[in-house]
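Based on the sequences and whatever the hints tell you, model everything.
Chains as they are written, first to last, in my numbering: chain Y, 152 to 414; chain L, 152 to 414; chain U, 12 to 89; chain G, 12 to 89; chain V, 4 to 188; chain C, 4 to 188; chain Z, 61 to 434; chain X, 61 to 434.
Hints in this document: simulated from the structure, not taken from any laboratory.
Please note: incorrect hints may appear among the correct ones.
Once the Cα atoms are required to be at most 30 angstroms apart in a straight line, the calculated DSBU-like pairs of lysine-lysine come out as [said to hold, decoys possible]: (1) C:K161 to X:K63; (2) C:K151 to C:K164; (3) V:K68 to Y:K300; (4) V:K68 to G:K50; (5) V:K68 to Z:K333; (6) G:K84 to Y:K161; (7) L:K345 to L:K410; (8) Y:K300 to Y:K407; (9) Y:K348 to G:K23; (10) L:K161 to U:K23; (11) G:K50 to V:K83; (12) G:K50 to V:K127; (13) C:K164 to X:K63; (14) Y:K410 to G:K50; (15) V:K164 to Z:K63; (16) Y:K161 to Y:K401; (17) Z:K333 to V:K151; (18) U:K23 to C:K164; (19) L:K300 to C:K161; (20) X:K63 to C:K68; (21) U:K23 to L:K345; (22) C:K127 to U:K23; (23) U:K50 to C:K164; (24) U:K50 to L:K401; (25) U:K50 to C:K83; (26) G:K84 to G:K50; (27) Y:K401 to L:K390; (28) V:K151 to V:K127; (29) Y:K390 to L:K401; (30) Z:K249 to V:K68; (31) G:K23 to Y:K345.
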Amino acid sequence: MLTTDIQNAKVVYERPEGFTDLTTHYCPGCTHGTAHRLVAETLDEMGLREHSIGVASVGCSVFSYNYFDMDFVQAAHGRAPAMATGIKRVFPDRAVFTYQGDGDLASIGMAEIMHAAGRGENITVIFINNAIYGMTGGQMAPTTLPGMKTTSSPNGRDVETQGYPLRMAEILATLDAVSYSVRRSLHDPANIRKAKKAIRTAFEAQRRGLGFSMVELLSSCPTNWGMTPLDSLAFIEQKMVPAFPLGDYKVVDAVKSMKMKEG
Amino acid sequence: MLTTDIQNAKVVYERPEGFTDLTTHYCPGCTHGTAHRLVAETLDEMGLREHSIGVASVGCSVFSYNYFDMDFVQAAHGRAPAMATGIKRVFPDRAVFTYQGDGDLASIGMAEIMHAAGRGENITVIFINNAIYGMTGGQMAPTTLPGMKTTSSPNGRDVETQGYPLRMAEILATLDAVSYSVRRSLHDPANIRKAKKAIRTAFEAQRRGLGFSMVELLSSCPTNWGMTPLDSLAFIEQKMVPAFPLGDYKVVDAVKSMKMKEG
Amino acid sequence: MPVAGWIEVNEKFCKGCELCVTACPQDVMSLDMDRLTPKGYHPVRLHVEGCTGCAVCAVVCPEAALTVFRGDKILAGV
Amino acid sequence: MPVAGWIEVNEKFCKGCELCVTACPQDVMSLDMDRLTPKGYHPVRLHVEGCTGCAVCAVVCPEAALTVFRGDKILAGV
Amino acid sequence: MQTEIIIAGFGGQGVLFAGQVLAYAAMDGGLHVTWIPSYGPEMRGGTANCTVIIGDEEIGAPLVKHPKAVIALNLPSLDKYEPLVAEGGALLVNSSLIDHQVARADVRVVYVPANEIAERLGDKRLTNMVMVGALLAATGALDMQVVKSALKAHLPAKHHKLLPANYDALDEGAQIAREALAQAV
Amino acid sequence: MQTEIIIAGFGGQGVLFAGQVLAYAAMDGGLHVTWIPSYGPEMRGGTANCTVIIGDEEIGAPLVKHPKAVIALNLPSLDKYEPLVAEGGALLVNSSLIDHQVARADVRVVYVPANEIAERLGDKRLTNMVMVGALLAATGALDMQVVKSALKAHLPAKHHKLLPANYDALDEGAQIAREALAQAV
Amino acid sequence: MAKELLKGNNAMAEAAIRAGCEAYFGYPITPQTELLEHMAARMPELGRAFVQAESEVAAINMVYGTACTGKRVMTSSSSPGVSLMTEGLSYIAGTEVPMVLIDVMRGGPGLGNIAPAQGDYNQMVRGGGHGDYKSIVLAPASVQEAIDLTVLAFDLAEKYRAIAVVLADGSLGQMMEPAELPEMQPLRKGTPDWAITGEPGRPRRLLTSIYLQPEAEETTNIRLQRRWLDVEANEVRYQETYLDDADIALVAFGTAGRVALSAVRQARAEGIKVGLFRPISLSPFPVAQIRQLASRVRSLLVVEMNAGQMLDDVKLAAQGACPVEFYGRMGGVVPLPDEVLAEILRVSTHPTADLNGHTRAAWLDRLEAGRGGN
Amino acid sequence: MAKELLKGNNAMAEAAIRAGCEAYFGYPITPQTELLEHMAARMPELGRAFVQAESEVAAINMVYGTACTGKRVMTSSSSPGVSLMTEGLSYIAGTEVPMVLIDVMRGGPGLGNIAPAQGDYNQMVRGGGHGDYKSIVLAPASVQEAIDLTVLAFDLAEKYRAIAVVLADGSLGQMMEPAELPEMQPLRKGTPDWAITGEPGRPRRLLTSIYLQPEAEETTNIRLQRRWLDVEANEVRYQETYLDDADIALVAFGTAGRVALSAVRQARAEGIKVGLFRPISLSPFPVAQIRQLASRVRSLLVVEMNAGQMLDDVKLAAQGACPVEFYGRMGGVVPLPDEVLAEILRVSTHPTADLNGHTRAAWLDRLEAGRGGN
Ligand SMILES: Cc1ncc(C[n+]2csc(CCOP(=O)(O)OP(=O)(O)O)c2C)c(N)n1
Ligand SMILES: Cc1ncc(C[n+]2csc(CCOP(=O)(O)OP(=O)(O)O)c2C)c(N)n1
Ligand code: SF4
Ligand code: SF4
Ligand code: SF4
Ligand code: SF4
Ligand code: SF4
Ligand code: SF4
Ligand SMILES: [Mg+2]
Ligand SMILES: [Mg+2]
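Here is the structure:
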C-alpha cells in the first residue's frame, strides 16, 4: 500500500475571523453566503473587522448580523443607506457598510440609495442582485428578468405592465458623488475572485474618504428559482450576466490610482 | 396727426381654454406660470383638455389644479407618479400627467418617479427644476447648484456634505421603459417654444401608448433666489443651463418617427 | 400693406413682472406706473406704436395675461 | 517534491450543496451519502487522492465550511 | 366534541398536505374544521407542523396546548409534542425515523414504520398517508371512507393515478394502529 | 392687565418688525409679551399681520378676538379689524393710504398720515414707526423711552445710523395721536 | 356556492375580486403575501389592474389615485407596511374617497416577526396618520367572516366615502377553513358624481385634501365628524355568546375572540357563568352594548394579542360601571384557551373592586410567571 | 442667561443644541421649517452632523442610525411628515434606542394647511406606528417651556431608552416670547454600554428590532411595558391653576391650554369658580391627578384644537366620576378665549348629568352655530 505523507503543511484557506460561529439560515448553495464570506475576508485582510459597523437590511440577509463578528445594526426595509448615513456622520472613521438585496435596495429603498449616493456618503454598499424577493417567497424584484416567472408574475414578468429590470450599477454610476460603482458575479471561482477584489477596492475607497462605493453582485436563489444550486450558477452565467453586464460603471480617478497593500 | 388703422384683425394669441379664470398665486415673473401655460396650450391644441386628468404635487404648484380647466387630483408630496399610476391603470385612454417640482420629484419622490419610469407607466411628467424648494421658503433642493446659498445651505451647498445636483433627465433616460426624457428651459422665447414642442411630443407619445415621457423644465424662483424676474432668467441661462445641459436624453425610435399634426 | 398688431392686457392677471417688456423685439411695452391692478401691481401696456403682433410677449408671459392681435396696417392722415 | 494538499470539512457548516464538488479542478470531492450533518445534510468529503490544496473549493463555498491545507508531498511505500 | 391533531416533521415529509387531507375530509363530512400551519422564516429545511381541529360545533381557538392526537414524523417533533398530548390522547410515532420509546403511560402510543411501508408500497412520499391511516384508526376522528373520498375529490386529476397507492397506505397505517391498540388493551 | 395689539397691512410695510419692536420693549420693560404672525402660503404680496400681547402676568391666548388696539396700514386691514377692536379700544389708521372714515363711535380713532410723515423724515420705511408712535400715545401700552431703548438695543449695529430718524418717527406719530385725542375729549 | 377549504389570505383576495375590486396595489410582506399573489394571478386574467408597487408608500398612493376615480380599489399589507401607509391614509380620509385596506397583523414593534398579533389596533382604530379622521375597522374571526367582511368593507367604504379596514392577523391569513365565497358581482357601470374620470362635457372635478383656510378645513372636518356619527349609528357589529346569564363577560376580537370562545366553553363546562362579547366592528366600537353589558356583569375581562389596546375602548364604554380586567399576549404569541381559562377562574374567584381590574403591573407579573412555568 | 425674544422654532432648535444634540436629520415642512434652518446654520459650525434628508422616511432612519450609536440625536417635522416616520418610530421603539422628535402640528387630515392644530395627539400618544410601544410626549405651552421640555426630552429619552416627543403646534413654532436659553452643555464623553460604535477590543454589539421567536419578542415587549410603568411612576408633569376651589375644571394642553387660561381668568372675573388643569406630559398622562380632580369638581371641560383626542384619556382617567364636556376647533382654527368662556358659562349654567357631557353631535351643532354667527 502506498500512503501519502505531507510535510511543511500550512493553511491555505480558513474560515474568516470576521465570521461568528453560527450556521447561516441560507438555503444550501445560496450565494448570499459567498458574498458574506468575501466581505468578512476583506475586512479581515484590511484589519478593519474591529473598526466596522455593518447595517443589515430586510431580506434573506436580515440575519446577516448574526454571522459577522462585528458591530451591527438592522435597518428597516430599504432604509439601510439612511441608517448608515446616521452612523457614518457621527463615526466618520469607522468602516460603515450596508448589505442589501434587490428588493430592499432597488424597490422600496430606491430613494435612500439614490440620495446616499447623490450625497456621496462615504459608505460601502454590498448589493445582492438575485432577481427575486427571496425572503418573502419569490415575488418579482425590480431586477427580475423579462418573462421570468415569480409568484407575483405567475405568467412571467410582463414588460408591458411590470416594466424592465433596473440596472442599479449603471444608474448609480450617473451620479457625480459616486466614487465606485461596479457589477460582479458569484457564479464561478474566477468571478468570485474578481468580486472580492471589487469589495476590497470599495472598502479601500471608503477608508480614504473618497465617497460612495457600491458593488453589485449577481447572486443565486436556488429555492425561489426552483433550481439546484448548480443550475442556479448556470442561470446566473447564461441569463443574468447578459441582462446585467459585468463591469466597472464608475471608477473615479482617485480610486483608480489607489495603491492597495494586497493582503 | 397720423393714426394707424388696422384691418382684417385676427387673434394671434389668446389665453388658453385649458385655463380657468383664476389668478395664480405665483410670485410675479415665476416661470411656473409659463410652464402651466405651455401645458394648457398643448392640451388645447391636441384636443385633450376634456380627456385629461392632472395630478398636482406638493410645492408651489400645489394649487395648479385651480388654474387648469380639467379634472385634477392633488397628490401627497412626492407621490404624484404613484397616484397617476392608480389613475392611468383604470383609465388608460385618458391623458394623465403629473406636474412636479424638484423637491417633490427628485427628493422625496425619487422612488416613485424611478419606478413609474421603470414600469413604463404611460403617463407624462412635467418636471419643474428651479433648484430650490419654493413653497417652504427656499431650502436646498437635490438640484441646487454647488455653492448656491439657500436657507438650509446658508454658506452655499457644500458638495462634501450635501452632495451634487441630480440630473433627472439623464437618470431617467437610463431606464429601458422610458420613451422620452428631455430637458428644456423657460428662460427666453426661443427656449419656451422648444419647451412647448417637447411637451407636445411627450403627450403625443402618451396618446400613442409609447410609455413614460418626461419633460424637465429649467424654471425660475425669483423670490427665493432673491432676484428680479429678469435676473432670474439670466441666472437660468448662465448658471443652470451649464449645470443642466438642455437636450434630448432619450427619444425612442417610436417617438422619433411620430408624425404630429401640428396645431 | 405692412403688418401691424396690438395687444390687450388682462389686468386681472398681469403682475407687472416685466418679462414681456424685455422680450418684446419692438420695445413698445412698459409698465403703467399710474395704474394698479386689483392685486396691487403696475400692469404692462403698449406705450408707443410699433407692435407687430409677433406675440413674443405672450410667449414669455407667465400669467397668460396677454391677447395679441394682428391685421393689415393702414396709415391714415387726419 | 510535488505539492499536495487536503481539506477539512466543518460539518457544522457544510450544507451539501455540491458547489465545491463541481468547482474542484481535481475532481476529488463528493458528498458523503453515509453521513448526515446536525442540520440533516450530507457533507462533502475528499473521496479520492489528488487534492492540490488549490483552495478553489473554498473560494466557492457559500458557508465557509472548508479549511484548506497545503504542504510538500512525500510518497512513502509501506 | 372536538379533536385537535398536530402533525409534525421535517419540511418535505408532507406534513402540511396530510393535515389538509384531514381538513378536506372533515369539511366533506359536514364537520367544522380548521387547519393552520406554523410558518417560519426558513425557506428550506427546518421543521414543519400544522394543527387540524375537527369539531361538531364552531371551532374556537385554532391552536391548543394539549392536542388529542399527535403524528410525530421525526425525533425533534416527538421530543416537542410527547409532553403535550392530552391525557388519554393518541401519539402516532414514525418508528422508521424515531428510534425512541415514549415514556408517558397515559396516552395511547402507536409506532408505525411508515417510511418502510411507504417504500414497500412503491413511493416514499406515501409516508404521511400511512401515518394518517394510523391516526384515523387510533382516534376515530374521521371515517376512513370519507378520507378516501376527500383524497379523490381534492387531489388534482393529474395525480389520480396515485390514488390506489394512497388508499393502501391509509389502510396499512390503520391496520397497524388497530393491531397495536388491540394488543395494548 | 393686558393689552392686545394687532398690526396689519401689506407685506413689505414693516408690519412684523413693528410688532417685534413692541415685543422687545415690553420684554426690556420687564413685562410679559407674545408676538405671533399670521403666516400664509404666499411668498410675496398678500396681507400680513401680527398680534402682540403685553401684560403684567403670564399671557394666556396669543390671539384674541377683540384687541385693545389695532394699527391698520391699509384698507383691507381696516375693513377686517374695525368691527373687532374692543369697545373703548384704539384704532390707528394710516390715512396716507386709507381714504375712509371709521364708523364706530365706541373706539378712539387716530388718523395718521404715516406715509407722508415718513417720506418727510426721509425714508418711506419709517411708516411703521410713525404708527407705533401713535399707538404708544393712544394706549400708553408702553413707555416711549423704553421703546426707543429697545430699538437701539435690538436694531443690528449696522442700522444704528437710522436710529435718530426712527426716534423722530415715533415722536411725530405720538404727537399726532396726542393732538387727535386731546381734540376728541 | 358550495363550501371550499380556503386559506384566509386567498379567501379575502378572492372575496375582494368578487365584490368588484377593479384595482389592487400592494407590496409583498409576510404573513399576507398570498393575498398579493392571488391578486397577481387573478386580476390580470380578469382584465383588472394589478401592480406590485415599489413600496407600501407607493401602493397606498396608487390606491389613492384609483380611489379618486370612484372605482373599487384595495391594498393589503402587514404591520410595518401599514405604518408606511399612514400619510396616504390621512390624505385619502381627508379627500373623502373610498378604499379598502386589509392588514394581516404580525408581531412587533419594529421588524418584529411574522407571527399573528393584534398590535395595530390603535394604529387602525385611532388613526395612525395625522389629523382627525376615522376609518371603519372590521375584525373577522374566521375565514368565512373574513370573506363576508371584505365584501362589506367595499360597500361601507363607498357608502361613507371612507377607508374601510379589514383587520386580521397572521393566523387568520394563514389558516384554512371551509367557507363559501360570494358570487362574482358584475362591475358597476358608471361612476359617482364626485369621481375624477377625465370625461368630456361636464364641469371639471377636483379632489384634494388641502384647505388652506382653517375655516374651510374645519368645514371638511365637521363633515367628516358628522358622517362618522352616521357610521356610529348604523354600522356597529358584534357577536354575543353565552351572555344571557353571565357574571363575567370576556371581550375579545378576531383570533383572540376565537381563543376566548374555547376558554368560555371550558369554563361553562366547569359551571362558571361566563360569556363572550366579540366586537366585529372595532370602529365604530359597540360602545352602547358594552356600557349595557358592564352594568349587568360583575367583571369584564378583555383578552387581546397585544398589551391592551382595545382595553381602552372597553373602559371608555364601561365608564366605571364594573371593573375591567385584562389578559394579553404580545409579540406574536397567540394565547391558548388554557391560559384564558385560568384568567376566567382568577376573575371569578378573586374579583377585584378596582375599576382598572388587576393592575397592569400585576398582569405582567402573572404573564411572566406563566411563561416561566411553561 | 438673560431673556431673549425668541421664536419657538428657533428656541427649540437652539435648546437641542445646548442639550448636546450631536446630529440632526430633517426635511423642510411648514410650520417647523425655521427649526431645520436653525440647525442648518448652527450644527456645521459646531462640527456636528446636519443632513437635510431626502424625505421624512429617510430622516427618521438616519436618526435611527445615530440613535444606535448612543449619541444625542433628533429630528423635527409637522403632521404629514410625522406620519411618514411611523414605521421608523416603531423600529426605534422596538430597538430601545433614544431619540427626540419635535412635531410642530398643523391642520389636517391630509395635506390640510399650515395653521396651528393638535390633531396628532393620537398619533403621538397612542402610537402611530405598528405594534405596542409608547413614546414620552411632552406638550409645551410657551416658548420657555418649549426650551425646557426640549432639554428634558433628551434626558428622558436617554434615561428610558425611548422616544421623547415635544408636541408643539404651529403657533408655538411661529410665536416669539421672551425666554431664557440654557447654558451650552459639554458633549458627553463615552457612550452607553449598548451603543454601536465599531470600537475594537470588546465583544461585538448588535441592535435590532427583529425577534423571530414570538416568545423572545414578547420578552422585549414585557421589558418595554415594565419600563413604561417606571415612566408612569416618575415622569408625570402638569400645571394646575385656580383649581383649589373650582367647581369646573378645564383640561387643555399646549396652545389650547393658554387659550383656556385666558378664558378661565375672564370667567373668574365674572365670579365663576373655574380652574385649569394643563397636562404637560401627555404620555405618561396624569391619570391619578385627573381621577382625583374628577371626584372633586362638578364637571370637567376638555378644550382641544382637534375633534377630541385627549378627551378619551381624560374620560379614561375620570372613570365616570363626573361628566366630561368637550369643546374643540379643528383644521387649524385656534379657539379664542371668548368661545371658551362661552363654553364655561354653558357648563356652569346648564350642567349635564350625562357622563359623556354634552354629546358629540351637540358639540358639532354648537360649533356650526358659532361659526355661522362669526
Ligand atoms: C416595510 C416592509 N415591507 C415589506 C416587508 C417584507 N419583506 C421582507 S424581505 C422582503 C424582500 C426582500 O427581497 P430582497 O431585498 O431582494 O432580498 P432577498 O431576500 O432576495 O435576499 C420583503 C418585501 C418588510 N419587512 N417591511
Ligand atoms: C411629507 C411632506 N413633507 C414636507 C412637506 C412640505 N413641503 C411642501 S412643498 C415642499 C417643497 C417643494 O419644493 P419643490 O418640489 O421644489 O417645488 P417648488 O415649490 O420649488 O415649485 C415641501 C418640502 C409636505 N407638504 N409634505
Ligand atoms: S430563499 Fe433564495 S436568497 Fe433566500 S436564502 Fe434561500 S436561496 Fe438564498
Ligand atoms: S416661491 Fe419661487 S417657485 Fe414659488 S411661486 Fe414664488 S417664485 Fe415661483
Ligand atoms: S406682439 Fe410682439 S411687438 Fe407686439 S407687444 Fe408683443 S412682443 Fe411686442
Ligand atoms: S409678462 Fe405677463 S405678467 Fe409679466 S408684465 Fe408682462 S403681461 Fe404682465
Ligand atoms: S483544494 Fe483544490 S484540489 Fe483540493 S479539494 Fe479543494 S478544489 Fe479540490
Ligand atoms: S460548497 Fe461548502 S457547503 Fe457546499 S458542499 Fe461544499 S463544503 Fe459543503
Ligand atoms: Mg433579492
Ligand atoms: Mg423647486
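Hint check:
Restraint check: the Cα-Cα separation between K161 of chain C and K63 of chain X comes to about 23 angstroms, which is no more than 30 angstroms; the hinted pair holds. Between K151 of chain C and K164 of chain C the alpha-carbon distance is near 14 angstroms, which keeps this suggested pair within the 30 angstroms criterion. For the hint linking K68 of chain V to K300 of chain Y, the alpha-carbon distance of about 40 angstroms lies beyond 30 angstroms, and the restraint is violated. For the given pair, K68 of chain V sits about 27 angstroms from K50 of chain G by alpha-carbon distance, which is consistent with the 30 angstroms threshold.
Using a Cα cut-off of 30 angstroms, the hinted pair K68 of chain V and K333 of chain Z holds, with the two alpha carbons roughly 23 angstroms apart. The straight-line distance between the Cα atoms of K84 of chain G and K161 of chain Y is roughly 12 angstroms, inside the 30 angstroms bound, and the hint therefore holds. With a CA separation close to 17 angstroms, the supplied pair K345 of chain L and K410 of chain L stays within the 30 angstroms bound. Only pairs whose Cα atoms come within 30 angstroms are accepted, and K300 of chain Y paired with K407 of chain Y is rejected, the gap being roughly 40 angstroms.
Using a Cα cut-off of 30 angstroms, the hinted pair K348 of chain Y and K23 of chain G holds, with the two alpha carbons roughly 28 angstroms apart. With a C-alpha separation of about 23 angstroms, the suggested pairing of K161 of chain L with K23 of chain U holds against the 30 angstroms cut-off. About 17 angstroms separates the Cα atoms of K50 of chain G and K83 of chain V, which keeps this hinted pair within 30 angstroms; it holds. Straight-line distance between C-alpha atoms of K50 of chain G and K127 of chain V comes to about 21 angstroms, which keeps the hinted pair within the 30 angstroms bound.
Straight-line distance between C-alpha atoms of K164 of chain C and K63 of chain X comes to about 26 angstroms, which keeps the hinted pair within the 30 angstroms bound. Using a Cα cut-off of 30 angstroms, the hinted pair K410 of chain Y and K50 of chain G is violated, with the two alpha carbons roughly 44 angstroms apart. Restraint check for K164 of chain V and K63 of chain Z: satisfied, since their Cα atoms lie roughly 26 angstroms apart, inside the 30 angstroms limit. Between K161 of chain Y and K401 of chain Y the alpha-carbon distance is near 39 angstroms, which puts this suggested pair outside the 30 angstroms criterion.
With a C-alpha separation of about 42 angstroms, the suggested pair K333 of chain Z and K151 of chain V falls outside the 30 angstroms cut-off, and the hint is violated. Of the pairs offered as hints, the one joining K23 of chain U and K164 of chain C is violated, with about 42 angstroms between alpha carbons and a cut-off of 30 angstroms exceeded. Proposed proximity of K300 of chain L and K161 of chain C is supported: the alpha carbons are some 22 angstroms apart, at most 30 angstroms. Distance restraint check for K63 of chain X and K68 of chain C: the Cα-Cα separation of roughly 29 angstroms lies within the 30 angstroms cut-off, and the hinted pair is therefore satisfied.
Annotation: proposed proximity of K23 of chain U to K345 of chain L holds, straight-line Cα distance about 28 angstroms (limit 30 angstroms). Using a Cα cut-off of 30 angstroms, the hinted pair K127 of chain C and K23 of chain U holds, with the two alpha carbons roughly 28 angstroms apart. Distance check on the hinted pair: K50 of chain U and K164 of chain C sit about 35 angstroms apart at the alpha-carbon level, beyond 30 angstroms; violated. For a cut-off of 30 angstroms, the pair hint linking K50 of chain U to K401 of chain L is broken: about 42 angstroms separates their Cα positions.
The hinted pair formed by K50 of chain U and K83 of chain C meets the criterion: a straight-line CA distance of about 17 angstroms does not exceed 30 angstroms. As the CA atoms of K84 of chain G and K50 of chain G are separated by approximately 35 angstroms, the hinted pair breaks the 30 angstroms bound. The suggested pairing of K401 of chain Y with K390 of chain L holds, with an alpha-carbon distance near 26 angstroms, which does not exceed 30 angstroms. Of the pairs offered as hints, the one joining K151 of chain V and K127 of chain V holds, with about 19 angstroms between alpha carbons and a cut-off of 30 angstroms not exceeded.
With a CA separation close to 26 angstroms, the supplied pair K390 of chain Y and K401 of chain L stays within the 30 angstroms bound. Between the alpha carbons of K249 of chain Z and K68 of chain V the distance comes to roughly 51 angstroms, so the proposed pair goes past 30 angstroms and is violated. Pair hint K23 of chain G plus K345 of chain Y holds up; C-alpha atoms about 28 angstroms apart against a cutoff of 30 angstroms.
Checked against the numbered hints listed earlier, the structure breaks hints 3, 8, 14, 16, 17, 18, 23, 24, 26, 30; every other hint is satisfied.
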